[in-house]
Structures are given as structure tokens and as C-alpha cells.
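So the chains spell out like this:
2 protein chains.
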Amino acid sequence: MTQTINLAKKDIPKQWYNIAADLPSPPPPILGPDGKPITPDMLAPVFPMNLIEQEVSTERWIDIPEEILEILSLWRPAPLKRATRLEQYLKTPAKIYYKDESVSPAGSHKPNTAVAQAWYNKQFGIEKLTTETGAGQWGSALSFACSLIGLECKIYMVRISFDQKPLRKTMMRVWGGKCFASPSPHTNFGREILKKMPDTPGSLGIAISEAIEDAVNDTSGKTRYSLGSVLNHVMLHQTVIGLEAKEQLKLINEKLPDVIIGCAGGGSNFAGLAFPFLYDKINGADITIIPTEPTACPTLTRGPFTYDFGDTACQTPLIAMYTLGHNFVPPPIHAGGLRYHGMSPLVSHATKLGLFQPMALDQLKCYQAALTWARTEGTICAPETSHAIACAIDQANKAKDEGKEKVILFNYSGHGLMDLMGYEKFLDDQLTEYHLPEEYLNKSLESIKDLPQV
Amino acid sequence: MTQTINLAKKDIPKQWYNIAADLPSPPPPILGPDGKPITPDMLAPVFPMNLIEQEVSTERWIDIPEEILEILSLWRPAPLKRATRLEQYLKTPAKIYYKDESVSPAGSHKPNTAVAQAWYNKQFGIEKLTTETGAGQWGSALSFACSLIGLECKIYMVRISFDQKPLRKTMMRVWGGKCFASPSPHTNFGREILKKMPDTPGSLGIAISEAIEDAVNDTSGKTRYSLGSVLNHVMLHQTVIGLEAKEQLKLINEKLPDVIIGCAGGGSNFAGLAFPFLYDKINGADITIIPTEPTACPTLTRGPFTYDFGDTACQTPLIAMYTLGHNFVPPPIHAGGLRYHGMSPLVSHATKLGLFQPMALDQLKCYQAALTWARTEGTICAPETSHAIACAIDQANKAKDEGKEKVILFNYSGHGLMDLMGYEKFLDDQLTEYHLPEEYLNKSLESIKDLPQV
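So the sequence lines, in the order shown, correspond to chains W and U.
Going by this note's numbering, the first sequence opens with residue 4, and the numbers climb by one from there.
Going by this note's numbering, the second sequence opens with residue 4, and the numbers climb by one from there.
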């Protein structure tokens with residue numbers, strides 16, 4: 004029999020875990036336009052104060068409000084599963100466990116923070132949220148959350164994904180969300196970009212700029228912006244993933260994993276699984292923790308750790324992170340969720356401290372892994388998730404070479420049912436290997452050479 | 004907290020329940036071309052003998068082979084959930100439970116029988132299966148099952164669905180299946196239809212004819228045909244749904260349901276949930292059991308109970324069932340899986356005996372119910388499933404009017420993530436009410452007026 008470890012509803016974590024309390028050193032401060040550390044009130048036009056408090060908190064545990072737990076319980080606790088059939092196929096002595104975050108109504112881990120953010124905004128008196136979305140996972144998740152909590156939702160979707168996945172928009176509409184291709188004619192920044200680059204595939208950086216502009220320009224004060232990854236409070240909300248996984252491994256008397264893997268675009272599904280185990284690593288456990296990213300957007304593996312803007316229009320404060328430069332427009336590979344130029348400052352800082360071992364993987368290898376997965380374990384994964392699966396397969400093969408019964412744990416961050424166009428192209432041999440050219444990267448990094456250094 | 008009742012892997016039913024053992028009278032016999040009851044060997048060119056034995060069995064319990072349980076355990080036992088948020092929204096005293104069959108890798112209940120059929124064929128030495136698919140759920144399910152069990156799979160997909168859902172084909176390809184629009188140029192019957200009606204949207208009847216022709220024409224004897232609904236052995240394989248649901252209700256000390264609902268195209272998801280409870284009804288329990296169907300294809304509510312062919316080319320034996328006539332081509336409504344002209348002979352017979360209370364529902368009402376569902380319970384259901392949800396909402400409102408705390412149980416047969424085009428049209432007000440015109444029905448029924456009567 005396949006092994007699935009379910010927790011009872013009552014075992015949903017009641018508190019989020021804040022890694023900021025346990026990092027060996029604090030991350031560099033966020034800087035304002037004047038180069039000085041920002042104060043919470045400077046973020047107030049963009050985020051509600053209750054979330055800003057979470058953003059800067061160094062408390063180890065933060066209570067999850069009952070109403071949020073109530074909605075999360077629609078699909079949480081998410082199952083922990085063992086990929087026995089994949090293990091057999093690979094003839095590996097390793098045990099491969101995965102946390103199945105695809106079971107949420109929107110199909111990924113994203114609703115974990117969407118529900119929390121919508122709830123805190125509602126508490127603060129906000130009536131409308133604006134956001135951006137890459138592959139569409141986040142836009143769907145926030146639409147879903149706003150629908151259940153009772154907020155309006157407006158989404159700027161990176162144009163390449165908007166065009167490739169028209170039904171993502173339908174999904175958002177089903178939950179009442181309004182979705183536009185970005186760059187759009189609805190914002191000053193969008194109009195400016197459209198004039199300069201009418202054929203741009205768009206980028207998360209551009210879409211973020213549009214969504215922020217839309218929020219801060221609402222003079223009623225009832226609109227705020229919501230970000231689906233990168234920020235500290237987002238990582239915080241996602242820690243239910245790793246906290247549950249720990250309980251589930253305990254339940255079957257399994258040891259702590261030897262290897263933990265998550266794909267990383269802005270970093271949130273990776274951090275959600277990894278941070279609760281990073282606590283153990285900081286306290287001496289021998290765990291290899293791997294964020295995986297596409298070779299087409301190799302933020303952690305080839306970008307510098309330095310100050311940069313979170314968006315393309317330079318509206319955000321300066322964040323110390325691994326970055327490819329805020330003007331970076333990644334090639335249109337299908338893992339839309341992994342196309343962000345930057346990376347969560349907490350994930351970046353921990354990587355800089357040597358706590359993580361990032362790896363970049365090419366899309367062909369990842370789609371091949373996704374096919375192997377579908378034909379052994381049965382399910383069709385998101386292109387983003389295939390980066391974690393490909394890495395898990397590599398690690399399982401390594402364990403086989405070493406003859407070690409390692410425990411591998413990865414995050415099955417989402418299903419790929421809305422992303423089948425990429426599979427179609429792969430099956431038709433229309434995709435190629437893609438490694439970001441050095442010159443392209445260097446050109447992109449020029450935009451940040453005059454910004455403060457860490 | 005939301006209520007989800009999970010069973011342990013070890014609690015997957017170890018036997019299928021065969022309603023044929025307990026019906027008050029046996030269904031009318033299946034007839035051959037000569038008007039006489041057929042013998043099992045007459046089905047041998049189409050199905051493997053081990054499945055034919057199941058088809059005619061009257062044993063109450065049939066053991067599920069270990070290898071089938073192993074694969075089913077990838078997603079089974081499926082959760083039983085309570086739709087608390089919908090109850091609150093409706094302000095009903097009724098408790099609404101649903102069996103969530105959307106959790107399978109292919110997204111519906113269909114893999115329950117696909118895995119079993121693929122396994123029995125493999126055991127019998129078969130190397131390739133042919134089949135038809137309407138909305139694509141069945142074709143996906145059989146591709147998935149063949150992939151895991153190691154068979155080739157060839158699928159004829161009703162053209163209207165093939166065109167509306169190109170990514171269903173991709174899904175089948177991911178699992179190695181080959182999918183063609185039906186009518187196709189690959190069979191004699193397909194070519195004939197294409198000549199006569201080049202613009203036909205196709206029908207399940209036509210696609211079945213093509214798939215059977217393809218199977219029986221393989222002179223190697225290594226190809227068989229597989230049907231995703233209608234037949235007795237398919238109903239049998241689906242009874243894991245109702246058997247689990249009974250255990251799950253017992254686990255929370257809930258009484259037997261007052262109302263049980265499933266949408267019915269060929270009848271398999273409905274029967275899978277209903278048959279194990281029909282046993283209780285036959286033995287005196289007061290349960291209203293409702294198969295729901297579209298007003299566009301009202302087989303049980305407006306068709307006669309008589310002998311008819313299962314396919315359009317009249318290749319199958321004659322089956323006693325409710326039917327709209329084997330030439331019936333339903334209008335292109337989006338609930339592709341509910342567009343079959345006939346109905347499972349077991350479901351038909353039990354309906355004739357007065358054991359079921361079928362209802363027909365219009366697509367607008369169903370899409371509205373699907374939207375209400377998405378905005379309360381969070382998930383996006385298949386258009387087929389929306390027929391069960393709409394009926395559950397009606398029954399919950401009825402319980403409210405009557406002031407009764409009824410227990411309602413329905414089958415959440417599949418998710419709608421591959422069917423968003425229909426939602427898009429509904430949201431754009433492009434769909435209309437559709438009730439099958441009397442003349443259209445009468446014309447269709449002419450084709451069967453010379454066939455034997457029950």
C-alpha cells in the first residue's frame with residue numbers, strides 16, 4: 004500500500020514559525036529612498052499595519068487567528084505522502100517523502116498566505132486587494148481567499164502567462180477576481196512600458212509595479228497591495244507546511260530528513276517547508292536544504308547578494324537579496340512562477356550564511372522528471388514543482404550510488420492541470436535547453452550597480 | 004473546523020459489492036442479434052473473459068486483487084467531507100456530506116474502474132486497450148491506468164469535447180495515451196459518418212462504435228475494448244465509493260443518509276455511491292436516491308425503458324435500459340460526460356422498479372450552483388458534478404422549508420479544472436436554458452421502434 008500520513012483537523016498548527024527569531028544573524032535592514040533603514044509607517048500606504056507588524060516581527064511563534072484556521076481547514080492539514088512507486092522505479096535505497104500542497108482549492112501552496120493576508124486586510128478595514136501573478140497560481144489563490152473572506156480582488160497577470168493560460172483568468176473569475184494582462188493600459192507604469200516595449204512578454208517586476216501603483220493611487224484608503232511571495236510575512240504564513248510535515252514524520256517515527264528540497268521563485272513554498280527544519284539545522288541537525296531554480300532565471304546560483312528593488316518601477320524599498328537586477332526579463336520558459344528577478348530576503352540571507360545549497364536545473368530535465376513522476380506516482384505536477392522533483396530524483400540516484408538509505412523530503416507545491424500547454428510543447432519536442440547567457444545577465448545587473456551594497 | 008473524514012489505507016474496501024445479488028428481480032437479459040439472450044463467449048472479441056465473468060456474476064461480494072488495491076491506494080480511501088460553509092450559506096438545518104472523488108490523479112471517479120479493467124486485461128494477456136471518451140475524464144483515467152499497469156491505450160474522443168478541451172489530449176499524452184477526435188478517419192464507421200455529417204459534434208455512441216471496431220479488427224487478438232460506464236462490471240468497480248462512504252459515516256456515528264445524489268450519464272459515479280446504500284433501502288431503510296441528468300439529455304426522466312443498442316453503429320448486443328435512441332446526438336452542452344443516449348442497465352432496472360427518483364436539471368441552474376459552491380466551499384467542480392450539487396442545494400432548501408435536519412450525501416465526482424471554458428461562457432452570459440424539444444426526442448426514438456420491447 005502507498006503510504007499517506009494524514010493529520011486530524013485539530014492538528015493544524017495553531018502558530019506560525021518565524022525563522023527571524025533563530026537565524027544566527029539578522030538580515031540586513033530594508034532601506035528607504037534615502038539609503039536609511041525604513042520604518043514600519045513608510046509601508047503603510049501599501050500594506051495594512053497588522054501585516055507590517057508581522058513583517059518586522061522577531062517573535063518565534065505567532066498565533067494563527069481562529070477564522071484563518073477555519074478556512075485553512077477546508078484542505079489542511081495537507082497530506083504527507085511517500086513516493087514508493089518512484090523509489091521502486093529508481094531502485095533507490097532512499098525514501099522519498101513529499102508534502103502535497105496541490106490539494107488546496109487553487110491547486111498550490113499559495114492559499115496558505117492568501118487566506119491570511121485577506122483576513123488581516125479585512126480586519127484592518129480594507130475592501131479591495133490588488134496583486135500581480137506570474138503563472139497564475141497566486142492570482143487564483145488570492146481570488147479564492149478574497150471570495151471566501153469578502154474582499155474585491157484585482158490581478159495583474161504577466162502577459163506571457165496570460166496569453167498561454169487564458170483559463171487561469173476564468174478560474175479567478177469563478178471566485179470573483181478581475182484579471183488583466185500586464186503590462187496593462189490601466190496604470191501609468193503599464194502605459195509607459197507598453198509604449199517602450201509593445202511586444203514585451205511582461206515580468207513579475209512589471210506586474211508588481213502596476214499592482215502597487217493601483218493600490219496606492221486609491222484615495223479612499225480602502226485598497227492595499229498583496230504580495231504572494233518574497234516578503235517575511237509570506238514566508239511566515241507558509242511555515243504551516245513544514246510544521247505539519249515534521250509532525251507527520253514524527254507520527255511514523257521517521258528521522259529528520261537528510262535532504263529537503265523546494266523549488267524557489269520568490270521563495271515561499273521552499274521556505275514554508277524548509278524553515279521549520281532549518282531550526283533543527285541551526286541547532287546541529289545534519290540536513291542538506293536545497294532551493295531549486297531554473298537555469299533560465301538563476302537568482303540564487305548566479306545573481307549577486309546585494310540591495311535591489313523588488314519591482315521594475317523602483318517603487319519598493321531596497322531589499323538585500325540575491326537578484327538578477329530589477330530590469331531582468333526572463334525568457335518565456337513555462338515555469339512562470341519561477342521567473343522573478345529577486346528572492347525572499349530571509350531565504351537570501353540564510354543562503355548567504357551557507358545554510359542552503361541552491362541548485363539550478365534546466366527545463367528539459369525538469370519536464371522529463373515530471374513525465375517520470377506522472378507515469379510512476381500518477382499525478383501531473385506544476386512546471387515549478389518539476390524543479391523539485393528533478394532534484395529529488397538526482398538526490399535519490401546519489402543515495403543509490405552511495406548505498407545510503409537517505410530520507411528525502413520535497414514540497415509538491417502545486418499540480419500542473421492549468422499548465423498542460425508546456426507539457427504539450429515538451430512532448431512535441433518544441434522545448435530546448437536554456438542557460439542564461441553571461442552577457443544577458445551582466446547587462447541586466449548594470450541597472451543595480453549604483454545601488455547600495457550589503 | 005471543516006469536517007473531513009479520512010479512512011486509513013488499510014480500510015480501503017477489499018471487496019466490490021455486486022447489487023445484482025440483491026435486486027428484487029433480475030434485470031432483463033441482454034439480447035444478441037437473433038433476439039435471444041447472449042452467452043458470455045459472444046462478448047469475447049470485445050472484452051477479456053475475466054471481466055465478462057464479472058459482468059454476468061450474481062455473487063454479492065467480489066474480491067479486489069491486491070495489485071489493484073495497491074494502485075487505488077495512491078489516492079484512496081477518498082475523503083468524505085461535510086460542506087459546512089454551504090450549509091451556513093443556505094441556512095439549512097440539513098447536513099450536506101460529499102464523497103470527494105476529484106482527488107484521483109485523473110481528477111474523477113473514473114480511475115476506480117480504469118485501474119481494475121486495465122489490470123484484468125493485462126492478466127488476460129491483452130497488450131492494448133481502445134476506448135471512447137466524452138468530456139475526457141474517462142480517456143484520461145484509462146491512459147493513467149494503462150500507464151501504471153503497462154498497456155497501450157488508444158482513445159476516440161467526442162469531437163465537440165476534443166475541440167473545446169484540447170488540453171485533455173495533452174493529459175492523455177502525458178500518460179502515454181493516443182487520442183483522436185471522433186468521428187475519425189481511422190475506422191470504417193468514422194469515415195462513413197464523416198461523409199454523411201462532416202460537421203457533426205460527435206457523440207458517445209459514435210465514439211463507442213469506433214473504439215469497438217478498432218479493437219475487434221486487430222487480428223492479433225491482443226487488443227480489447229474498455230468502457231468507462233454503463234456495464235455491470237463498471238458499476239461494480241465503482242462501489243468502493245459507497246462502501247467507503249458508509250464506513251466514514253459510521254466512524255462519526257452519523258445515521259444513514261435521508262437523501263443520496265449522483266449525476267448520471269452512463270450511471271457509474273451515481274451507482275458507485277448509491278448501490279451500497281440501495282442494499283439498505285431494499286432492506287427497509289428510508290432513503291431517497293436521486294440520479295440527476297441534464298434537461299438536454301434526459302435519459303431517465305423522458306426516455307422509454309426498452310431494448311436498444313449501446314452504440315450508434317448497432318455493434319453492441321441489445322440492452323434493456325432507459326434510452327433516447329442510439330442515433331441521439333445531444334446538443335453541445337458542456338457536461339460532456341452526461342451526453343450518453345442510454346443508461347446503465349442496472350441503474351435503469353432499479354429505476355424501473357421505483358428504487359430511484361431521477362431528476363433533470365438545466366445547465367444554467369447547474370452552473371449557478373457550481374459558482375455558489377466555489378464561493379462557499381472553495382473548489383471548482385466538473386460541469387457533470389454541478390448537476391449533483393444543484394440537486395443537493397434543492398434538497399437542502401427543501402429540508403429548510405420542512406424544518407428537518409436531513410442528512411444529504413452526494414458524489415463530488417470530479418473537479419472542473421479541465422472544463423473552465425464552460426464556466427467562461429456562463430460568466431459571459433453565453434449559455435441559455437435548454438430543454439430537449441419533444442419533436443427532436445420523438446424523431447430520435449423512431450430508430451428503436453422496431454427493436455424488441457422489454
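Treat the hints with caution; some may be incorrect.
Note: identical chains are not told apart, hence a pair may lie in one copy or across any two.
Unchecked claim - As a list, the in silico DSS-like pairs of lysine-lysine whose alpha-carbon atoms are at most 25 Å apart:
1) Lys94 with Lys12
2) Lys94 with Lys407
3) Lys258 with Lys94
4) Lys253 with Lys13
5) Lys12 with Lys39
These are computed hints drawn from the structure, not numbers from a lab.
No experiment lies behind these values; they were computed from the predicted model shown.
Hints versus structure:
1. Taking CA atoms no more than 25 Å apart as the test, lysine 94 paired with lysine 12 passes between copies only; the shortest distance there is 24 Å, against 35 Å inside one copy.
2. In this homomeric assembly, lysine 94 and lysine 407 come within 25 Å of each other (Cα to Cα) only inside a single copy, at 12 Å, whereas the closest approach across copies is 57 Å.
3. Only within a single protomer do lysine 258 and lysine 94 lie at most 25 Å apart by alpha-carbon distance; the minimum there is 21 Å, versus 47 Å between protomers.
4. When the C-alpha separation of lysine 253 and lysine 13 is checked against a cutoff of 25 Å, the pair qualifies both within a copy, at 16 Å, and between copies, at 20 Å.
5. For the identical chains of this complex, lysine 12 and lysine 39 are neighbours neither inside a copy (45 Å) nor across copies (57 Å), given an alpha-carbon limit of 25 Å.
Checked against the numbered hints above, the structure breaks only hint 5 and satisfies the rest.
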